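K.L.:
One-letter residues, chain by chain:
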Amino acid sequence: MPRKWDWLKDEIKGLELIRSAPLIFKFISGKLNGPDDLVKCALCPNMCRHACPISIVDGKETTSPAGKARIAFFIRDGKLELNLENIEPLYMCLSCDACTQWCPFEFSVSNLTRPIKEEAVKKGITFKEFSEVFKNLKEYGYVYGEPKDEKMVRDGNILYLRGCTIREKYPEVEKKTSKVLESLGYKPFTTSEKCCGIPAYNLGNITLFKKLAKEQAEIINSSGADVVVTSCPSCAYAYRVLYPKYSIKINPKIFHITEFLEGKIKGLKTKGRVTFHDPCKLAIGLKRPELLEKLLLSIEGLEVKSPRRKGKETFCCGYGGSAISRLNAQLADEISNERLKELREEAEVIVTACPTCKLAFESNYGKTLDIAELLYDVLRG
Amino acid sequence: MTNLEVVMRSNHELPSDVLKHLISILGNRVSTKDVDLLSYSRDYWPITLHWMLKGKIPALARAIVWPKNTREVQDVVKIAYENAIPVYTYGGGSGVLGGAIPEQGGIVVDMKKMRSIKLHEENLLVEVEAGTNGYYLEKYLNKKGYTLGHFPQSLYPSTIGGWIATKATGQFSTKYGGIEDMVLGLEAVLPWGDVVTLKPHVRSATGPDLKTLFIGSEGILGIITKTWLKIWPYPEKRILLSFASETLEEALDSVNRILKRGARPAVVRIYDIVETKRHFYKFDEVYGKIATIIILEGDSKLVEAEKQIIEEEFKGKALGENLVKHWLETRFNVKEASEFAPLGVVFDTIEVSIHWSKAIKLYRSLINVMRSVKGTLFVSAHASHFYPQGVCFYFTFAGIPKGDPTEYYNEVWDVAMKTTLEVGGAISHHHGIGRQRGKWLKEDLGLAFEVLKKVKNALDEKKIMNPRNMGV
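In order, the protein sequences belong to chains R and E. Under the working numbering, the first residue of the first sequence is numbered 755, with each subsequent residue one higher. Under the working numbering, the first residue of the second sequence is numbered 4, with each subsequent residue one higher.
No lab work stands behind these hints, which were simulated from the structure alone. If you're wondering where the values come from, they're calculated on a predicted model, not measured in any experiment. Where a beta carbon is used, it is the ideal one built from N, C-alpha and C, also for glycine. Mixed in with the good hints, there may be bad ones.
[What the hints assert, rightly or not] Chain E regions said to be covered by chain R (calculated; three or more residues, Cβ under 8 Å):
(1) 49 to 60
(2) 114 to 123
(3) 271 to 284
(4) 307 to 316
(5) 332 to 342
(6) 345 to 352
[Stated by the list, open to error] Footprint (simulated), chain E over chain R, 3 or more residues, beta carbon under 8 Å:
(7) 791 to 801
(8) 835 to 842
(9) 854 to 863
(10) 972 to 984
Please model the entire structure based on the sequences and the hints provided.
P.N.:
This is how it looks when you write it as structure tokens:
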């Protein structure tokens, strides 16, 4: 079978060798890597624009995916100054990685522009809106400040890591998740967990991220658990995808709650109509675009209405990425409302599997159940 | 603007009272920040990629605005008109000829916050604001059981207003037509700020069809704010066919006969030998030959009948579905510019149209003259859009110039445009004119160019709407 660039070799044969021609030969022969990823992204006409919630709702070239790459490229090249005004568009990113699904190179714009954010943080060029997060994470290992006095469940056979937002905002989801796990014969226990570090990672504070990750890894590894279940897909993503990139090892097996329940939920029946919102870190980050829908469809009698954008085409709730809800709360809510409008066309009740998505929708008056809440209600009849 | 060189530098400034006035209307949806001005300094004119890599940007506006509705567009245009300030309308920025570049400074009006959609199912119409993203609209329609049938390669980044302003067409055009066949009505803000509505009647004999003035107007006559587009029920059935031919003539003749018999495939694409190798290198059976892919879609009985006609008329070896599936999977993979521009390769496409009688002559002439420009690595083409009267050829060229990339680029363009005119083709089929083709439009249109100029001058006395674009 001919190879990818054979046609070009055929065409170039016999042509006078001129400047750059040897480069082309090397490139098409696979002996040259070509331009780096940021440059490639900066040269793209935004072929992932339609998938980017910021691009659709904010509608600016400056915050479009390739627009961000261009700004990062110019800053890296010394053509634009590294200052707050110039880096602000780079933070207009939900880190949902919807862009990766449409890019022929599978680039994540969030990853491509992160080195500029890291450099800015190292040089002390950070927004005042981030300082409280950094302070809370440094002092308490918790994004919301000093944690409340929490009642721990010390004994059990699986470790349930709740994540900061469940701990702070949704204690009832914690209880119901435990009950669902218990109904399946497991005995979940909790511990004095810390933040997984993703907020620091998203904001470009890699030093802080690594510190938190190491501390959290120590807590998990010393818990004695073989299996860890979490309600937060971002936490699961951090433990399974990010930590290994920084050589931080987690010994137990990590599951998001939907992954853990897969195949275990059987014989449930209920009535009603729901739609669902696939969290980006579950659908794209953990590469399980079908899981939430599959779980819902396994419940007999439940009418499950699919939204226009689901699975790998899911649309972030607006509160992802740690930056936008702090720098531009209005835009975060506009994105949330864009998604809510679409979901409400399908059903009044929205089911999701991420505490941040639940928070985003409920902050904008959208009735939202965590998957564990729905299962708990169905189990109770 | 830090260390960036501006290629088309303008001396026009934006008076401070004008800026204050804009802010009083749009609040924080007005920007003069460097990062914003920089982001609207270009569209996707390929030569500007080389400029960008060298730290050069084409031009800088003085302010960017993001209106949310027609009223706000009017307000901005009125301010610009009163103060004779240039106005550049911006959609998705995927135009490839520099049509959206703010070369006289002025105000860029980004339409992307205007994106409401209203479906009129009973009348098979959708009412949509100009800033709506193309793929967003198509997905919306699909969920409701419809399609627009418009699939330009810029479907993902472009806007509906941009499609109309550039007179775009899409990959499924042989069945659904170009955007001009889909627009039933439109609303536009005129250069002095009034709104004209060209109503979406099913057809009307109310004088010349004035909406066509705005289709392909590239921002020189006003700002399109809303449109009513025809839609189709989502196709019930799709059939994929492909063929290998020995010669381009054989493949073109086959399609000509098919269209004469009244069949209307949605997609027909005929690739020359170089492009067949390039796109279908994984398929031994077509390597070194001419590949044709065809997609039929619509009512199942109708497409079965069309399939029968195609099988009767197409002279070549039938290859089944796999080539077409490969094309469907890869048709939006825009990679080459990103991979090759940083290596010094100048890369672009030129699309022209021609009657059947001169199709082969145009193909061969353009391949020869473009190849003859010193530095050219390759020139190839496929026929991408078909009509009972003729065809659109879509040429791709790449070269490594010894000297200035822009000079090489212009040289290839010049020989291509000159030869197209000599053979009797149209210098643009669907990319439009922009800044790159402006100097050739007069020759293509003849006296009609003067008509266009008179229309422009009558509507835009102060010449504020995308000045210098299209050479008018």
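K.L.:
Hints broken by the structure, by number, lowest first?
P.N.:
4, 10
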